[in-house]
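Just so you know, the sequences run in chain order A and B.
Here the first sequence is numbered in our numbering, starting from 1 and rising by one per residue.
Here the second sequence is numbered in our numbering, starting from 1 and rising by one per residue.
The hints are simulated quantities; they were obtained by calculation from the structure and are not laboratory data.
These numbers were taken from a predicted model, which means no experiment stands behind them.
The beta-carbon is built from N, C-alpha and C at its ideal position, and this holds for glycine as well.
Take the hints with a grain of salt, since some may be wrong.
Sample of chain A residues facing chain B (criterion: CB under 7 angstroms; computed from the structure) [unchecked claim]:
1) THR127
2) GLU128
3) LEU136
When the alpha-carbon atoms are kept at most 25 angstroms apart in a straight line, the in silico BS3-like pairs for lysine-lysine are as follows [unchecked claim]:
4) B:LYS126 / B:LYS109
5) A:LYS142 / B:LYS26
6) B:LYS26 / B:LYS206
7) A:LYS142 / B:LYS109
What follows is the residue order along each chain.
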Amino acid sequence: MSATTPIAAIGRSVLGALALIGRIARFAADTLSHAVRPPFYWREFGHALVQIGWLSLPVVGLTALFTGGALALQIYAGGSRFNAEAVVPSIVAIGMVRELGPVLGGLMVAARVASSIAAEIGTMKVTEQIDALVTLSTHPMKYLTLPRVLAATLAVPILVGVGDAIGIMGGYMVGVTRLGFNPGTYLNNTVDFLEAWDVVSGLVKGAAFGFIVAVMGCFHGMHSGRGAQGVGRATKSAVVSASILILAANYLLTELFFSA
Amino acid sequence: MITLRDVHKAFGYNHVLRGVTLDVPKGESMVIIGGSGTGKSVALKCILGLVQPDSGSIEVDGRDVASGDRDAFLARFGMLFQGGALFDSLPVWQNVAFRLVRGSLKRPKAEAREIAIEKLRRVGLKPDQADLFPAELSGGMQKRVGLARAIAADPEIIFFDEPTTGLDPIMSGVINELIREIVVEMGATAMAITHDMTSVRAIADKVAMLHDGVIQWTGPVSQLDASGDPYLDQFIHGRAEGPIEAVR
Chain A
1 MSATTPIAAI
11 GRSVLGALAL
21 IGRIARFAAD
31 TLSHAVRPPF
41 YWREFGHALV
51 QIGWLSLPVV
61 GLTALFTGGA
71 LALQIYAGGS
81 RFNAEAVVPS
91 IVAIGMVREL
101 GPVLGGLMVA
111 ARVASSIAAE
121 IGTMKVTEQI
131 DALVTLSTHP
141 MKYLTLPRVL
151 AATLAVPILV
161 GVGDAIGIMG
171 GYMVGVTRLG
181 FNPGTYLNNT
191 VDFLEAWDVV
201 SGLVKGAAFG
211 FIVAVMGCFH
221 GMHSGRGAQG
231 VGRATKSAVV
241 SASILILAAN
251 YLLTELFFSA
Chain B
1 MITLRDVHKA
11 FGYNHVLRGV
21 TLDVPKGESM
31 VIIGGSGTGK
41 SVALKCILGL
51 VQPDSGSIEV
61 DGRDVASGDR
71 DAFLARFGML
81 FQGGALFDSL
91 PVWQNVAFRL
101 VRGSLKRPKA
111 EAREIAIEKL
121 RRVGLKPDQA
131 DLFPAELSGG
141 MQKRVGLARA
151 IAADPEIIFF
161 DEPTTGLDPI
171 MSGVINELIR
181 EIVVEMGATA
191 MAITHDMTSV
201 RAIADKVAML
211 HDGVIQWTGP
221 VSQLDASGDP
231 YLDQFIHGRA
241 EGPIEAVR
């Protein structure tokens, strides 16, 4: 083995990763370019809205409810070390709407939706349904990708908003029933310290995460390998890459929105 | 008329098509035969633009398939896929009428459903099967639905990819007869790829054998048994010994 072999391997990996990023960026740009060129498949868009938005509500709502409750307990336990228990309502609210609501909501949607999109489109690819679409004069990006990407970009911020409210309610329930907070004071503290930008920034993050989830699901589905193993690998790649990109995008957006 | 001239296509190191040259006259039924993995499906997909050839030219009625209005070009074709390639999420009638409820051939839903049911009847399916989903159908019925979808918009050219694969001999015979009847009735140009020699004799006017990435032999189906070509003889008689290397 030559001394340069490990360096060459690292170089190949870096080039491979850069090429993949380039392909994903082109795929996303290609998808968006179809938004301004007719036809637009409204029925597919409506179906995707229901699948991605409405049917994700239980999982996102439950995640937010338990997270809000646990957050209240943690902040109370931590705050009691320096007599700051009163900050529980405001920190729960700010923590939920700025970070935990969008990030956990995005990750739950990634697990549920990126996998299902990749598996569905991947199966369509290996069973020649995508080729059949083309022969029937229907562009797969217009018919399969664009409706899902637009639906996810629209639905995830709404899910995040609902999740924020449920998470704050989880914190309220724990605060009032377990930690002895006065209900009126808890709600007043929640509202008083929460700013509009806290909520809006979380919703913008939700839109970005929805876009990432759908693009990764569609990209990996469209590039699925053959057979059950190929579809399985595409599904796994979609969830893993969507989750990592959500966490990376969350850091970048937080830096953009809140760094001094 | 479909014309392929010196078409090459490689996937990585696998050089599948090595200069395919073939003419399919208008209104004729051409069947391409050849072993598995010899590039028969790739050749069909190159014509449809589903796969881009590396070099060579493909023309339909004198026009390069890569140029011009793609929708108008594809509207001239119907294709029956090997596994049916029916859309799982749509009921049978919407699969058949897919092209008739969207795009340039769009018409009212009720009319599209009427046409779909008529095409289903033509391939031997009952109207009450129109609202079933593809997963609820047997393999033979799925092939029939695929055939109904291929002819739904009355195409000038119809492609059949392994039309009898996975079917029992009787159902294969039924599908072969249907294909032959429909092609003659519509006056369409047909191109099929298959390994099934019964299918070849039932639906072909002309036969082309693809081997080693080139057309090894082409001629009328009536000359199939008297070609004198050792490759074709070995293939049509299913012999293990001969110029085509059989992996054991």
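Hinted pair A:LYS142 and B:LYS26, Cα distance within 25 angstroms: The given pair, whose Cα atoms are some 33 angstroms apart, is violated under the 25 angstroms limit.
Chain B contact restraint for A:GLU128 - C-beta distance below 7 angstroms: Result: holds, 4 angstroms to nearest chain B Cβ.
Proposed interface contact between A:THR127 and chain B, which counts if any beta carbon pair is under 7 angstroms: Result: holds, 6 angstroms to nearest chain B Cβ.
Given hint B:LYS109 paired with A:LYS142 - CA-CA distance at most 25 angstroms: 21 angstroms, holds
Hinted pair B:LYS26 and B:LYS206, Cα distance within 25 angstroms: 12 angstroms, holds
Pair hint outcome, B:LYS126 versus B:LYS109 [Cα-Cα no greater than 25 angstroms]: Holds - the C-alpha atoms of B:LYS109 and B:LYS126 are around 19 angstroms apart, at most 25 angstroms.
Minimum beta-carbon distance criterion (7 angstroms), A:LEU136 to chain B: Nearest chain B Cβ about 5 angstroms off; hint holds.
Hint compliance for this structure: hint 5 alone is broken.
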